[in-house]
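Participant: Protein chains in written order, with the numbering used here: chain G, -5 to 85; chain X, 17 to 996; chain F, 13 to 429.
Watch out, some of these pointers could steer you wrong.
Here chain G is said to cover these stretches of chain F; the calculated rule only asks that three of the stretch's residues, wherever they fall, bring their Cβ under 8 Å from a Cβ of chain G [stated by the list, open to error]:
1. 249 to 263
2. 423 to 429
Pairs of lysine-lysine residues, derived as PhoX-like cross-links and limited to a Cα-Cα distance of at most 20 Å, are as follows [said to hold, decoys possible]:
3. F:K242 to X:K153
4. F:K65 to X:K153
5. F:K65 to F:K279
6. F:K77 to F:K110
Here chain G is said to cover these stretches of chain F; the calculated rule only asks that three of the stretch's residues, wherever they fall, bring their Cβ under 8 Å from a Cβ of chain G [what the hints assert, rightly or not]:
7. 162 to 173
8. 289 to 299
Simulated from the structure, these hints should not be mistaken for lab results. Quick reminder that beta carbons are idealized off the backbone N, C-alpha and C, glycines included.
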Amino acid sequence: MHRIDCPWCGLRDEIEFAYRGDATVRRPPADAGIDAFYEYVYLRDNPRGWHVEWWHHAAGCRQWIKVVRHTTTHAIHATAKADEDMQVPRS
Amino acid sequence: MSRRLAGGGRVDRGARLRFSFDGDAYEGLRGDTLASALMANGVRLVGRSFKYHRPRGIVTAGPEEPNALVELRGGARREANTPMPVIELFDGLEARSQNRWPSLAFDLLSANDLIARFLPAGFYYKTFMWPASFWEKVYEPLIRRSAGLGSAARAPDPDRYETLHAHCDVLVVGSGATGLAAARAAAEAGARVILCEQDFELGGGLLLDPAHEAWRAGMIGALLRQSEATVLSRTSVFGYYDGNVLGAIERVADHLPVPPDHAPRQRFWMIRAREVVLATGALERLIALPDNDRPGVMLAGAALAYLRRFAVAPGERAVMFTNNDEAYDTAFALHDAGIEVAAIVDVRAATARAEPARQRGIDLRLGSVVLGVHGRRGVRGVTVAARDGANAKTLSADLLCVSGGHNPAIQLASQSRTAMRWDSAIAGFVPGESTQRQRSAGAARGLTGIASCARDGAAAGAAAAADAGFAAASGFDLPPDSAEPGTQVEAFWEVRSAGKAFVDLQNDVTADDIRLARREGYEHIEHAKRYTTLSMATDQGKTGGLVGAAVLAAARGEDVAAVGLPTYRPFAVPISFGAIAGHAVGKDFAPIRRTALHRWHERRGARFMEVGPWLRPAYYPQPGEENDAWASVLREARAVRQAVGLCDVSTLGKIDVQGRDAAVFLDRLYTNTFSTLPVGRARYGLMLREDGIVFDDGTTSRLADDHFFMTTTTVNAARVLEHMEYHAQTVWPDLDVQFCAVTDHWASMSLAGPQARATLAKAVEGLDLDNAAFPFMGVGDAAIAGCPVRIFRISFSGELAYEVATPAGHAERVWEAVLAAGRAHGIAPYGVEALGLLRIEKGHVAGPELTGHTTARDLGLERMLKKRGDYVGRVLAERPALADPDRPRLVGLRPVDRRARLRAGGHLVAAPGSAESLGWLASAMPSVELDCWVGLGLLARAESWRGKCLFVAFPLNDETTEVEVTHPHHVDPENARVRA
Amino acid sequence: MSRYSAFRLFLNGLTGHASWPRAWRNPEPRSSYDVVIVGGGGHGLAAAYYLAKEHGIANVAVVEKGPIGLGNTGRNTTIVRSNYMFPQNHRFYEWSLKLWEGLEQDLNFNAMVSQRGVLGLFHSDGQRQIFARRGNWMRLSGIDAELLDRDQVRAIVPQLDFDNARFPIMGGLLQRRGGTVRHDAVAWGYARAADRRGVDIIQHCEVTGIRIVANRVAGVETTRGFIGAKKIGLAVAGNTSHLAAMVGLRLPIESHVLQAFVSEGLKPFVDCVVTFGAGHFYISQSDKGGLVFGGNIDGYNSYAQRGNLPAMEHVWTAGVALMPALSRVRVLRQWGGVMDMTMDGSPLICRTPVEGLYLDGGWCYGGFKATPAAGWCHAHTIANDAPHALNSHFTIDRFRQGLTIDERGAGPNPWLQ
């Protein structure tokens, strides 16, 4: 069970959250064209290692937060509010 | 023949308990397990093995037991495969042996043992292939009947279970000397401690030596006085998960005939621990030697447990076979209890225990092995010899105690992703660096001796508390150091001689099987395991797994350390489904949502149906309609088309949207425009997913410049809210918009039919319903029966209709008032079935059409796509295949034979027998306005079919129905009624 | 002289089984091959086997970073079926089922293909209609399917909760030809059969890079040195994005962990495979007696082959809801596999933008049942540098074109697929 430190609420169980994948992809401008939206919607780095991702505190404050989590150890390096930039550890 | 000793033990001699095994009545004592009680009654044959059905006896005194498995209790409470050593005796206990036919003593399938040479590891991969048709008809049914162990109950479990979420600073697993010391040290440092012990008594190995009783009792007493310490016996920690979360099962009532009132049978503890101390001890391992599975062959430590804890003589004449010093404790204890020890057979050339053995007059044979075991249903003797096989001699004995050394119980450490390293001093794997907030202590990391384990536990407990932020000093006495030197062990795994030498007792895996696996290329430990089934039985190879690995290593010519062990996965002990399901069983499996009008529907006798998590009235049977649902549905739909009806639509999602940029935000969510919507008006809106597929639809009203009231479909309400939050918070955080779900705050009801205005006019105050004053898509506030209401002139049925919303607390009052007002007009409440019928007649799309595959164009809603401006899904909806004009598109369908029924889920084909699906029939209902069934479907190249006929193929029912392709609006295509 | 049969088993039984040869050799890698298949799971081994058998290309190596068959091949719930809705899927899986039906005789290895039936339950009229649409489409394509009512379901699986269920059982869609297969035996059987046709199976050989010259593959860099290859096929479930990244390719894939469980061995308890859509649960019983079951993915990107408690609670709770008598059954083991979840839930078997590099991946939950057909189609695509009609839809480009094959209609949300 992941234990996620919501920047709004504090340390909470994974079951309070909903997940939505890679938080580094950005919605392109409206006129960016099909290829740009194709990349935004479909293509993912899917790294084996640290991953910046969206979690939604659905059973809590209803805020989308960013979590830097390791995809093999499941260790959580840091969490942040939606508008904050996240640094990924080197290792 | 009682084998109960005259004195000693931890059993209560005053409390006699009756029990039965295979229908025979026995007596035991409180404090017994089923294993000790049967042993005390002289029963040796207790089970049959999986494959060869060989007779088996009790091997261990713990949950690692491979042989002595029974079906415990009966009927709906029957539990298969329950290890006898963990079954606490209670009065009236019933148990049966399993995997034998017709009886335990005479098992026909033991014939497998006679042809065992033809059934080596993996034999089934090489045969049963001819003739091909025989596999499923002959071979497999035979295999399935003879495989398996016990039989599960067939009826629902009458007992209850519960889940408990716990937090602690330090979790200690195991309550031997190590665990008690760790828990006390941590607790006295100020940490919140949970101590879990799988046994019903705390103490672990301390229970086997009366000399430690005072210290044990003192430690437990001190721990129980700590207010922040939770001490759980009968509690097995089964898994170590991410985030330092561990799962444990407390067997609250398994030691009772049935759980007491208001108590669960078992309790699932989900424990979030800052720090964990694993004081799980060590498990003794067997030695592979011919016929080492005969009843009467027992691990040395188990024999000591039966003798000391349960005061049972495990045999009358014992031989000890060992590679280590610790087993001598058992031999001496047997001897000192008056049981003859015929010999100690030690593979080593020398031992510090030689002198005390000789002092007792025991025949000590150093540098020797047991070559074989005599007796089929029970040990009658053993052949001993020098390690090279010389000087073989048969000794009479009914008990062979075996000790191949001890493996630290590393299951939980391994689950926490701790790498293991080989420790040659104990010839076993011990935990290496830990990756979670966890440390192993005592025998679980290879230490021996009560004193050194207690010392290690105290240090680990203090360190864990300190790491959790509790550094207060604690001090308590530790047990005195033993006079005996530390144990010595020589790695020794197998005596090679003719006969079956088992490394996995339950699954009948022999050392020869392991060598066969290697010979055939299954030389990796995981391959060997899967090929032979080593360590895959209910005991997970706790006593023999490493022995199997060592045999494989020897065959490969490598060290055991290089071969390693198969990965330990949860569970450390098997756990029951029910314990994890907890209280969420039967109707409580998932929550039920009910509307504010639910009680009214119930009183009216509504039949309910599931819509997502909601229960909604399907229809309201009237007298005479009890067995004819169609009569109710059609009557209700007719009432709407011909007079007026009232439907509870409270389950539609409702979201209140406010803010300076609310209109801009809605423009980006919906494919159509809301910023141009006047205050006091509603508009139908369509949302896409970002991939251009239709996501949801609903009506949204403007209550003020910066205030909208949105509705969603029932099933998508939560997803739409999440979708909005995602976009508002992460994509367009610059927009000033706030919103909140208000589905439960408002009850809403749809009043529909030609008499809707007349009905509402009678009930409403404060709103002019005149068509000019309050036109189609108008929104206004008013009151009904003194309750505030908001009225929306919107229609799903295609009739003149008003949706009346009121704060949920007023729901019944408003509902009743509207019904009363409509009585003169023939008003009828109508359910979801009639609602569905009406919308299909009208050609409005709903769930069956919004499948997550359809585009706005597919549904005939391309007019909803605005030409300018950004909205979710706009770009990808233009991908070539989604813009293809030949895609299946919404059509109406009616049977050519007007009496024929249409069945949703059928496919549209050009001719009967055609295999090509041109589309499908998504929804169908009998029309109350046309004299036939009507349907909505999606049809490729729909325009070219308009007015023509094709067929609905329903091969599952062998049905083909000719249908005419029509406009989707079967009723009122001009849309005049809603504006009337 | 290594043909398996009852007679040979008997002869070997007389001589202590001393003369059984290795099931597959343990060769040193040669300097180059016509084709290198990366990944020694069922898919990779099957591709190698069919390259040799169907296309006469036997100068093939399968390179595997560990021992063969221990990725998803060795950690799935062993179900085979072809009961998909869309023809692009059900025609492919039906071909797979046909290959399963003849597999043992083809490979001379008993993989225990057991066509015990796969029964999917529905709980509402809406679900019945969705199942009917699927079953009718299967029948139009010539695939067996039967729509059962509640009483017919009860006759097959009497221990379901028909009396007190939160989601009452209304009926089910049954595919009798679906069933289970002994998963490990699939890898071993293909390995042995491929080896006998000359394929080199190279274990403990991890690919660390893919060498490309002028946008064409030249070979693979491995922990055992460079191995030249005219063509390379990737069949590395759970590592597809990782390998694709070696040639700069981003894929419409997220990797997630899916848990599975097995109970203690029991006498026959449930005969067919049962899937419970309302609770996301499926269960079958192995020939050895263990109940094998699972549910949904844990729901976050993961390369860890282990799961966590929340998903486990969901699955077990659904199990008891479906079959209340499971409550006292004890479960023995829990494990996880890494699912390469595509953005529409359907796989990739296709060429890539790199000449000579082919991909078999993105199997979501469906990989095991696809093993024979995926290997077969992958081999066809490699041999012909063009897909077979059966896999021509399984391209990367379909996402760009809007030709997604989204059985559930869940959209580009792998955590919902």
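Participant: Now, for every hint given, state plainly whether the structure supports it.
Facilitator: Here is what the structure says about each hint:
1. 249 to 263: holds (count 6)
2. 423 to 429: holds (count 4)
3. F:K242 to X:K153: Violated, at roughly 46 Å.
4. F:K65 to X:K153: violated, 30 Å
5. F:K65 to F:K279: Roughly 40 Å separates the two Cα atoms, so the pair is violated.
6. F:K77 to F:K110: Status violated; Cα separation ~30 Å.
7. 162 to 173: With 0 residues close enough to chain G, the hint is violated.
8. 289 to 299: Violated - the segment 289 to 299 of chain F has 0 residues with a Cβ nearer than 8 Å to chain G, which falls short of three.
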